[in-house]
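Chain order of the listed sequences is L and D. Okay, so the first sequence: first residue is 1 according to UniProt numbering, each after it adds one. Okay, so the second sequence: first residue is 1 according to UniProt numbering, each after it adds one.
Simulated from the structure, these hints should not be mistaken for lab results. A portion of the hints provided could be inaccurate.
[Claimed, not checked] The calculated EDC-like cross-link candidates involving lysine to aspartate or glutamate, where the alpha carbons are at most 20 Å apart (straight line), are:
#, chain 1, residue 1, chain 2, residue 2
1, D, K113, D, E30
2, D, K140, L, E51
3, D, K113, D, E127
4, D, K124, D, E76
5, D, K140, D, E78
6, D, K152, D, D39
7, D, K154, L, D70
8, L, K69, L, D116
9, L, K111, L, E40
10, D, K152, L, D52
11, D, K113, D, D39
12, L, K111, L, D52
13, L, K50, L, D116
14, D, K154, L, D23
15, D, K113, D, E89
16, D, K26, D, E14
17, D, K81, D, E14
18, D, K140, L, E97
19, D, K41, L, D116
20, D, K154, D, E78
21, D, K26, D, D125
22, D, K152, L, E40
23, L, K50, D, E105
24, D, K81, D, E127
25, D, K140, L, D57
26, D, K154, D, D39
27, D, K140, D, E76
28, D, K58, L, D23
29, D, K152, L, E91
30, D, K58, L, D52
31, L, K69, L, E97
32, D, K58, D, E35
33, L, K111, D, E89
34, D, K154, L, E40
35, D, K41, L, D70
36, L, K69, L, E94
37, D, K152, L, E51
38, D, K58, D, E76
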Amino acid sequence: MRTRGRLLGRSPSVLASNRDRFDPLADAGKPGHGPQRSIEGWILLVSGVKEDAEEEDLYNAFSEFGHVKDLHFNLERRTGYGKGYAFIEYESCEEAEIAIRAMNGSQLLTKTIYVDWAFSRGPIQKLTSTRPLRRRSRTPPRRLAALTC
Amino acid sequence: MATGGAGEDGASGEFYLRYYVGHKGKFGHEFLEFEFRPDGKLRYANNSNYKNDTMIRKEVFVSPSVLREARRIIQESEIMKEDDNNWPEPDRVGRQELEIVMGNEHISFTTSKIGSLVDVQTSKDPEGLRIFYYLVQDLKCFVFSLINLHFKIKPIQS
Numbered sequence: 001m002r003t004r005g006r007l008l009g010r011s012p013s014v015l016a017s018n019r020d021r022f023d024p025l026a027d028a029g030k031p032g033h034g035p036q037r038s039i040e041g042w043i044l045l046v047s048g049v050k051e052d053a054e055e056e057d058l059y060n061a062f063s064e065f066g067h068v069k070d071l072h073f074n075l076e077r078r079t080g081y082g083k084g085y086a087f088i089e090y091e092s093c094e095e096a097e098i099a100i101r102a103m104n105g106s107q108l109l110t111k112t113i114y115v116d117w118a119f120s121r122g123p124i125q126k127l128t129s130t131r132p133l134r135r136r137s138r139t140p141p142r143r144l145a146a147l148t149c
Numbered sequence: 001m002a003t004g005g006a007g008e009d010g011a012s013g014e015f016y017l018r019y020y021v022g023h024k025g026k027f028g029h030e031f032l033e034f035e036f037r038p039d040g041k042l043r044y045a046n047n048s049n050y051k052n053d054t055m056i057r058k059e060v061f062v063s064p065s066v067l068r069e070a071r072r073i074i075q076e077s078e079i080m081k082e083d084d085n086n087w088p089e090p091d092r093v094g095r096q097e098l099e100i101v102m103g104n105e106h107i108s109f110t111t112s113k114i115g116s117l118v119d120v121q122t123s124k125d126p127e128g129l130r131i132f133y134y135l136v137q138d139l140k141c142f143v144f145s146l147i148n149l150h151f152k153i154k155p156i157q158s
């Protein structure tokens with residue numbers, strides 16, 4: 001590892017000190033895999049968005065799958081063009097899921113976009129250390145389905 | 001980067017990002033800080049004693065796609081090639097810290113607050129500092145969207 005920079009242990013950082021407790025989301029009591037619901041809905045990340053796309057292009061494309069409650073299409077500070085990503089909020093998990101299935105890998109203004117959940121219920125699992133997931137108790141399939149959305 | 005690692009920097013490998021901006025003054029320690037951990041945990045802390053005296057501390061797991069997007073923003077900025085040797089030292093007005101681990105590179109930069117591009121132009125390393133100046137704004141923008149959408153709170157600019 002090559003390290004560069006002047007910062008040498010005199011940081012006022014609160015995160016690095018690790019003393020404070022952080023507030024997780026209210027309903028974070030369901031750890032595991034899969035998407036995490038946000039306060040008011042389900043958030044998707046759209047990446048690969050063309051730099052000269054406009055908010056309206058995204059709004060129109062994603063309105064096909066449900067009511068788009070919120071949309072952040074952030075601009076690059078230096079150029080004023082799109083930074084290449086957007087966040088989309090849907091009310092229901094179903095709408096978000098349909099949008100992912102339909103739009104992930106599709107073309108928006110001649111460029112391939114990728115659509116995925118923005119938040120997860122748990123940490124990212126390293127692909128190298130995947131042990132087959134063993135269910136500790138037999139959960140009826142119907143309940144599992146309910147957990148995904 | 002001529003060696004084999006160049007391609008791996010994109011999607012896999014080690015990744016850590018932390019940004020801090022703040023100062024200690026009349027209203028105590030006022031700051032804004034966030035970090036992305038390799039397992040996807042996004043932590044966010046914001047304290048402004050001027051408006052209210054409670055510190056906001058939030059954490060949430062982001063998806064691998066969100067981490068990948070953060071990496072992309074960093075990679076495209078080419079900040080990993082810079083050095084903070086000639087940047088303004090932190091002062092009474094404040095300090096910024098940017099720590100990134102990506103691939104086998106680790107940067108740990110610190111400088112003063114940058115008010116505007118004028119501060120960048122008149123510095124000893126305008127090219128490097130400009131990259132830092134814009135990257136920090138783009139990263140803040142990215143994180144503010146995540147925090148705002150997930151928790152429905154508005155970050156306070158430090």
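Here is what the structure says about each hint:
1. D:K113 x D:E30: holds (13 Å)
2. D:K140 x L:E51: holds (19 Å)
3. D:K113 x D:E127: Between K113 of chain D and E127 of chain D the Cα gap is close to 17 Å, so the pair holds against 20 Å.
4. D:K124 x D:E76: violated (23 Å)
5. D:K140 x D:E78: holds (17 Å)
6. D:K152 x D:D39: Given that 20 Å is the threshold and the Cα spacing comes to 23 Å, the pair is violated.
7. D:K154 x L:D70: It holds: about 14 Å lies between the C-alpha atoms, which stays within 20 Å.
8. L:K69 x L:D116: holds (17 Å)
9. L:K111 x L:E40: The hint is violated at about 30 Å.
10. D:K152 x L:D52: violated (28 Å)
11. D:K113 x D:D39: violated (30 Å)
12. L:K111 x L:D52: holds (11 Å)
13. L:K50 x L:D116: holds (17 Å)
14. D:K154 x L:D23: holds (16 Å)
15. D:K113 x D:E89: holds (9 Å)
16. D:K26 x D:E14: violated (39 Å)
17. D:K81 x D:E14: Given pair K81 of chain D, E14 of chain D holds - Cα atoms ~17 Å apart, limit 20 Å.
18. D:K140 x L:E97: violated (28 Å)
19. D:K41 x L:D116: holds (17 Å)
20. D:K154 x D:E78: Outside the cut-off at roughly 29 Å; violated.
21. D:K26 x D:D125: violated (31 Å)
22. D:K152 x L:E40: holds (8 Å)
23. L:K50 x D:E105: violated (29 Å)
24. D:K81 x D:E127: holds (11 Å)
25. D:K140 x L:D57: Answer violated: K140 of chain D to D57 of chain L is near 24 Å, above 20 Å.
26. D:K154 x D:D39: violated (25 Å)
27. D:K140 x D:E76: Cα-Cα ~16 Å, so holds.
28. D:K58 x L:D23: It holds: about 5 Å lies between the C-alpha atoms, which stays within 20 Å.
29. D:K152 x L:E91: Satisfied, since the Cα-Cα distance of roughly 14 Å is no more than 20 Å.
30. D:K58 x L:D52: Violated - the C-alpha atoms of D52 of chain L and K58 of chain D are around 33 Å apart, more than 20 Å.
31. L:K69 x L:E97: holds (15 Å)
32. D:K58 x D:E35: OK: K58 of chain D and E35 of chain D at ~11 Å, within 20 Å.
33. L:K111 x D:E89: violated (42 Å)
34. D:K154 x L:E40: holds (14 Å)
35. D:K41 x L:D70: violated (23 Å)
36. L:K69 x L:E94: holds (14 Å)
37. D:K152 x L:E51: Not OK: K152 of chain D and E51 of chain L at ~27 Å, beyond 20 Å, violated.
38. D:K58 x D:E76: violated (28 Å)
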